[in-house]
Each structure stands twice: as C-alpha cells, then as structure tokens.
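Engineer: Given chain A, put chains B, C and D in place with the hints provided.
Protein chains: 4
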Amino acid sequence: MNITIFNEGRDERRKPEVLEVYPNGIGGVLRDIVLEMEETNLLTIGCLYDEECGLTEDILEKTDVLIYWSHGGNHEFPDEIAKRVQNHVLRGMGFIVLHSAIGCKAFTSLMGTTCTFRYHHDDKEHVICCNPTHPIAQGVDDRFVLEVEETYGEFMDIPKPDDIIFIGWFSSGEVCRSGCTFTRGNGKIFFFQPGHETNPSFYHPQVRKIIQNACHWATPTRKLPKVSEYVAL
Amino acid sequence: MNITIFNEGRDERRKPEVLEVYPNGIGGVLRDIVLEMEETNLLTIGCLYDEECGLTEDILEKTDVLIYWSHGGNHEFPDEIAKRVQNHVLRGMGFIVLHSAIGCKAFTSLMGTTCTFRYHHDDKEHVICCNPTHPIAQGVDDRFVLEVEETYGEFMDIPKPDDIIFIGWFSSGEVCRSGCTFTRGNGKIFFFQPGHETNPSFYHPQVRKIIQNACHWATPTRKLPKVSEYVAL
Amino acid sequence: MNITIFNEGRDERRKPEVLEVYPNGIGGVLRDIVLEMEETNLLTIGCLYDEECGLTEDILEKTDVLIYWSHGGNHEFPDEIAKRVQNHVLRGMGFIVLHSAIGCKAFTSLMGTTCTFRYHHDDKEHVICCNPTHPIAQGVDDRFVLEVEETYGEFMDIPKPDDIIFIGWFSSGEVCRSGCTFTRGNGKIFFFQPGHETNPSFYHPQVRKIIQNACHWATPTRKLPKVSEYVAL
Amino acid sequence: MNITIFNEGRDERRKPEVLEVYPNGIGGVLRDIVLEMEETNLLTIGCLYDEECGLTEDILEKTDVLIYWSHGGNHEFPDEIAKRVQNHVLRGMGFIVLHSAIGCKAFTSLMGTTCTFRYHHDDKEHVICCNPTHPIAQGVDDRFVLEVEETYGEFMDIPKPDDIIFIGWFSSGEVCRSGCTFTRGNGKIFFFQPGHETNPSFYHPQVRKIIQNACHWATPTRKLPKVSEYVAL
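Residue numbers (numbering that gives the first Met the number 0), protein chains in the order written: chain A, 0 to 232; chain B, 0 to 232; chain C, 0 to 232; chain D, 0 to 232.
One or more hints might be untrue.
A pair counts as met if it fits within one copy or between any two copies, since identical chains are not told apart.
[Stated by the list, open to error] Think about it this way: if two alpha-carbon atoms lie no more than 25 Å apart in a straight line, the pair counts; the simulated DSS-like pairs of lysine-lysine are:
id, residue 1, residue 2
1, K82, K159
2, K123, K14
3, K104, K82
4, K82, K61
5, K222, K14
6, K104, K159
7, K104, K225
8, K208, K14
9, K61, K208
10, K225, K14
11, K82, K208
12, K159, K14
13, K123, K225
14, K61, K14
Simulated from the structure, these hints should not be mistaken for lab results.
Same shape as in the complex, but just chain A (with noise of 0.2 Å):
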C-alpha cells in the first residue's frame, strides 16, 4: 500500500501552540500514524508551499491512498492540482479527508456541497460508533472520549454519506457525523472529522487505528488508467 500525506503546514508557521503539541507536526504525526501499520510505503509528506504541493502526478499515479489534513489555507491552494486530486480520486485512488479538510478544493469538488457546519473550540467529544461491522470500526472501541477537541455540528451540508460510521457527541451540546464514508467514481473517501491542529487528538490509539483501518478500506481494487470519458457501446 502505498501512501502519500498532504499536510497542509501553514499553522505550523502561525500557531506556536501547534508544535507545542505536535513537535514536529501535523504532518509528522501522520506519519507516525502511517508507519505504525505493515506493508506499508509512505511516498512522501506534500505541504502547500512545495512545488506543486508535492502532490505531482507522478507522486498520485503511484499512489493507493491520499491522507489529507488542511486548514486556513483551503482557499489558497491550487486550483489545479485539487482537480488533479479529484481526478486521481475518481479513478480509484482512496482519500482520507481529516478534520478541517472538510473544507478542501478537492474534497469539496467531489461532494458538490458547501461542507460547510457550526463550530467552535475546546470541548469534549465521545465518538461513538453506530456501524460496528463496517471494516473501518474493525477493532475499535464502541465509544472513546477526547478529552478536548474542536465540536463540528450539524447541518454539515454533506451528501447523504455511503455510511455513517461514528457520530460525534460534544459537551456543549451538539452532535456531527463524524466518520462518513463515500464513493466516487472508484475512488473511496473517508472523512473523519476530529483532528484540531492544537488538540492531541492524532496521539490517541483510537483515532490512529480507524486512520489505519480507512486506509486499508479506502486501497483501491482497480484503477482506471484515466478519467473515463463518454464510451459508445
């Protein structure tokens, strides 16, 4: 299986209090995440301040699946390569769309929906599975709590997901479909919603094993050679 990471890596350079809990980042958090599973390649860390963010079509035809975790810079990032992101994706490579990359170009151009919804800070999340026979929920706990965490709430303006996985509980008061899984084209798409760059969510066992589960879903079983076009029979 190999895998490519995009961090995104701005608040990196804004937040002190980023490294603080990841010292050397969101995306070297992930990659621990990665490496702890077998048969595994990681390709490379892609950040937006790479040449082409890293993510070349080079790197994503050799790629099974993309981990993606983005932020303040959605909006900055190359039209472009979201679509060739979104192409990739279409032709069978999986995606793991995690927290504020909710609001990627490329997540969002594969819904077709705002993925907009409420939020605010530092509350407390159970996550809470409601699919236990689904191979992402293989292994994990019923219910985990995170003790601080960023509550997303609905209406997340999402299509109807393939499955609901987990729902979020937060102590303010509000609930989220947390983990939600899509297809498109051939391509699977898992979206998690915890993640916040300032909460330790990435060092919890429950999260990295359902990151190491949906990239074992999300492997693709065939990939199409391009996007496909219009066939006469």
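Structural biologist: Okay, now just chains B, C and D, sitting in the frame of chain A:
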C-alpha cells in the same frame, strides 16, 4: 387522512405518575396531537386490553396512518395482530413508531433486527436536525431541547434507515439516530425516539409538529388490495 | 410554483431532424409539459445563445424548479453561470436534469463525478419502476415502452442516488439507472435519462407525468438567502 | 473461513431434469464452488430432509458464512430453524441467498417484506455491474451473459439495499436488482438472483467468482455471543 392510534395502555394502569403527566393517558395526548391537524379523521384509539387490541381488519383497512406507542407489553401483544399490522404496512399504511414501540412486534418484524439499544432515564436531550429538507423537518427548528427524556444510545440495532432526520444528544454523553424513516413494501415508516411515559415530551410543540409532519409524509399514495404474492409475467 | 426551462438550443440549429420531431424545439415541448400543470408559472425559457443563457440571478432567485436539457454545448456553457445554477440548487432550487444534460457543468459539479456512461442510438427502451411509492412514480405505470430512444448503459459514473425510481431496459442488451434522485444542500435533484433530441419521448404521456411529478417533488420547502458558510456556534 | 451450505434438495427429488444439469444436485455444484476457494473449510451441506435441516446450533455456531439455495419447500421449512438462522445472521454470520431462496423464511424475516417479484422461465440474461468498486465485483467482468435463466422482474419487494452491485437484463424485456447487499445486526447478507434449478448458471465462471467474492465479503469481523437484548447504560 384517516388516522388510528394504538396506545398500549399498560403503563397508565401500573404507574400512577404517568397519569400525573398525561391525565388522559398517552392515548389522550396523542389524540390531541392528531386533532390539531386539519382534514384528519381519528378512527379509533386501540389498547392492549381491547378486543383485537382495537386493530381489527376493518379499522386497519380504513387507516391511512397508524400512530403506535407501546412499552412493557410489547411481548404480550398477539402475534396475529402484529402480523396484521405488518401486512397493512406492506400494503401501504403509514406507520409512526414512537419511543419504546421500537420493540413492538410489528416494527421488529418489519425491520428484521432486534431493535435493541442502550438506555437509561432522566437525561436532558437535544433533538438536532441533520436533514433539513426532509418533509418531516418542515417548520421544525434546527434543534430543540427536551429537559427530561429517556436516553436511547447507540448501537441501536436497526437496518440502515432510508433517511436519518434527527440525531439525539443526551447530557449523559450518548447519541442516537432519533428520527429515522424506512420504506417496507408500499408502507412508509417513521421511528421517533422521544416519548417516555413519565416525561412531558408529547406536549412539546416541536415534537407535536414532527409527529404531524410524519403523518402527512406517511399517508399512502397507493394501497395494495392485499399483500403481494409471486406474480408470473 | 415558478418554473424556468433551460434548453440549450444548439441541436435545433444544427440538426434539421430535431425540428421535424419537435417543431417548436425541445424548449417548446418542455413548455407544453409545464403548462399542463395547474398552478405553475413559467418564468422563462433560456438557451445557450441568450444573454447569461437566460439564467440571470434575478430569474434564478425567483425559480422554484429549473428544468434543464442540453447536449453538445455542455462544454461551451459559461463556468460562472454553471456555478450560479449550482449555488441556487444548494440554496434550495429544484433541478430536473434531462437526458444528455447529465453532462452539463452544473450537474457534474453537484455530483463530483464524470457522469459518463455507455451509449448508442436507436434502441427500444422499457422504463421500469423499482420504487413504486416514491412521489415521482405516482400515477405512473409500472412499466412503459419508448419505441425509439438512445441507450444509456452502465457503468454510469454517478454517486449513489438517494433513490433509484426507474431502471431502463434497452433492446440492445443494456440497462441503466434511468430515474434517480439526489439531495445536495437544500436542493432536490432528479435525473431522468429519456429525451434524445430526435426521438419523440417528450410526447409520451408517462414521460410527461414523470417530469411533472418531479417538479412537484423538487419544489423547495425552504430556500436559504445565500449559500451557507462556516458558522460559529 | 468456515462455510455451511444449505441446499433444499426437494427439486432434485421431483424434477429429473435438475440432475441432468447438476448430477450431484445443487448442493454438489455449490460445494465445488466453495472448494475452489483457498483457506476455506466446508462444514456441512444440509437439506430439508436432514435432522434440523443440517443447521444445528452447533454447526451454525461454527459457521462464518451460510450459502443457501431453496425453492418450492420454502414454506415447509421449520419456523424454529429459520429463526435460528436469522439469529445467527444478526449475531454476525454471513448469509448468501441464491435465487429462489429469496422466499425462504430466514431471508424474508430479515427483510420484513414479501420478497415477491415477477417471473417466468427460459430467458436470456445479461448480468451488468453498476458498482464496480464493491468487493463482490472484484475480478468480475463489467457484464456477462447467461444464455438461459429465469427472469426475475421488478417490482421486487425488498427493502432498499445497502448496495446494488448487479442489475439483470432479460431478453423478455424485464430488469431486476440482481445482486444486492444488506446489513442486519452484525450480519452481512448478499442476495444474488441467478441460479434456476434447471439452468447451468452455477457452472458459469463469473457466477462462481461472484459467490466466492461474496463469501469473503460476508465473513464476520466479529460475532456476538448471543442476540443482543436491551442494555441499560
């Protein structure tokens, strides 16, 4: 729209506190909810102790929507009448399943699952809409509070709903898919989780609006003359 | 119900046989379908050659349901107007996407996929209902025949529909998900496959009934004042 | 993977032509399909005339996936064993329901509907994939032909499937949702329409591949010790 109510009527006999909250029983408050709607005709209010539970073939034949509340007597309900209700739903009768009626034989037979869940009493609930364009959500607030309700928690063992319209947040840290639709045969089914017998939820204007919307939504557009059988072309 | 029609109008200029089948063009026959409905108001019929394609902000602001037919000019359609249509759908405008309009920019942007499929011409189609209780199927026969239509074949690269209402059978040995619904944001979308420019399907009473039902079904129950943005609690 | 086969065995006794097509009966050809898979263990092949139909508690307890073919004896099958099968599915056992087993009590109890459909014999079928990334479609052709099969036509009275993987096209002008998945409790269920007792479909390599894929897909990731009951928090 011809509506029939089934209220089990068992808790009213065993728990004096039910009549403190609902002096005319749960059947009485459901009747009030029905009578608030224009152009509706309440056919009858059956209970567990009535002959055929009040759900005769003749009554069900005329019924467009059956509103059903039950609880501790779910297992005492006659099998043949549960089967009769199931058949009328499959032919097209709408079926509004309130609170602990989730465990009634007619509903579990239509679902095919155990319809079990986690529960405890005396919690605060937020009912939050995650499907704002659904007809059952029309004119309903984005979220509303029930000061005291019974917690229903996931994993709730129901088949994947056609639509999840409301998610319940409970102060104890639980969530559940609180308002869900299903289609079975020609019948439209709405399960709604609030409505514990000693909590005043059926007085809440948002709960009443939701039940009324559900009656309109579940009204059959067509009703088969009998349950279908194998049909040769 | 305020309805707007968009008919590309390109085929009428290039293929004389279109006007043999539809002397007033496809826009003309769609107008007749709309005018058969009671209590509807046809706002305008736009085409590719009109200023802003006839789909001005002012018109879309007033539109409850947009009926859209297009074909060879899908790629010439202005991006900003496609984006405008998408935004109005997300705010609540109903969107009826007919035949080759499956490839129009507004629809593919709402779907996120290529919306490609297999095709060829001059086939016989059976349109068969697999969802008889859906509002769009009310009063429509279980199955009906279109003597000549264009085959659309699977795999049709669309996201999983909310509901599949009709499946198309083609004498050449193909099938497709011929009538499908989607919800995106507050907008209800219906894709319907029949309607090739030189086949008389839009005269078929069942096709007309389906389009009319779809207009009623897609009428917004609420329309947002603007496309939503991130909302702090 | 521990697999159990149930083959009703009634048609083999009553219709000599079944044994002309399948000299070892339908149970025999299903056994061959199972034995082609690596790392599988065939526990037993039960039939209607065996004690407890061969589906004892002990056997089902060990079974990961139950492959089930039945037909004219569906109504003779003992209720308590059907209930036993249903309970094991809810606990996690995979359930592969072939052809006329659509009418068996265990399946109809899990679905809650009549599972009826239109039918006639001796048609040509095209099995066409509309969900190419599903695990059950891996390595299966986009479409393949069964020269003679029994037509199953819509409306097929099943609940909305989790996924529709194959649509059947029949030369008589019918279609059906030919390969469908459902989740009930912890159990994964696959219904597959081909397999009439006097047609050689179970020799077709694509049909065999699909059944084998379905066994892998339906293998439980977890199995509950007993059917769940109401759980206090």
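Engineer: Against each hint, give a clear statement of whether it holds in the structure.
Structural biologist: Verification of the supplied hints:
Within a single copy, K82 and K159 get their C-alpha atoms as close as 22 Å, and across copies as close as 21 Å, so both meet the 25 Å cut-off. Taking CA atoms no more than 25 Å apart as the test, K123 paired with K14 passes inside one copy only; the shortest distance there is 22 Å, against 37 Å between copies. In this homomeric assembly, K104 and K82 come within 25 Å of each other (Cα to Cα) both inside a single copy, at 8 Å, and across copies, at 14 Å. In the homo-oligomer, the alpha carbons of K82 and K61 lie at most 25 Å apart inside one protomer (17 Å), although the nearest pairing across protomers, at 32 Å, exceeds that limit.
Taking CA atoms no more than 25 Å apart as the test, K222 paired with K14 passes in neither setting, with 39 Å inside one copy and 38 Å between copies. Taking the closest pair of Cα atoms, K104 and K159 come within 25 Å of each other both inside a single copy (19 Å) and across two copies (21 Å). Taking the closest pair of Cα atoms, K104 and K225 come within 25 Å of each other both inside a single copy (20 Å) and across two copies (20 Å). Proximity of K208 and K14 under a CA criterion of 25 Å is satisfied in neither setting, with 27 Å inside one chain copy and 47 Å between copies.
Taking identical chains as interchangeable, the C-alpha atoms of K61 and K208 lie at most 25 Å apart only when both belong to the same chain, with a minimum of 24 Å there against 28 Å between chains. Taking identical chains as interchangeable, the C-alpha atoms of K225 and K14 are never at most 25 Å apart, the minima being 40 Å within one chain and 32 Å between chains. In the homo-oligomer, the alpha carbons of K82 and K208 never lie at most 25 Å apart, since the shortest distance is 29 Å inside one protomer and 36 Å across protomers. Within a single copy, K159 and K14 get their C-alpha atoms no closer than 34 Å, and across copies no closer than 40 Å, so neither meets the 25 Å cut-off.
Proximity of K123 to K225 under the C-alpha cut-off of 25 Å is found in neither arrangement, the shortest distances being 44 Å within a copy and 32 Å between copies. With identical chains, the CA atoms of K61 and K14 are never at most 25 Å apart, being 33 Å at best within one copy and 45 Å at best between copies.
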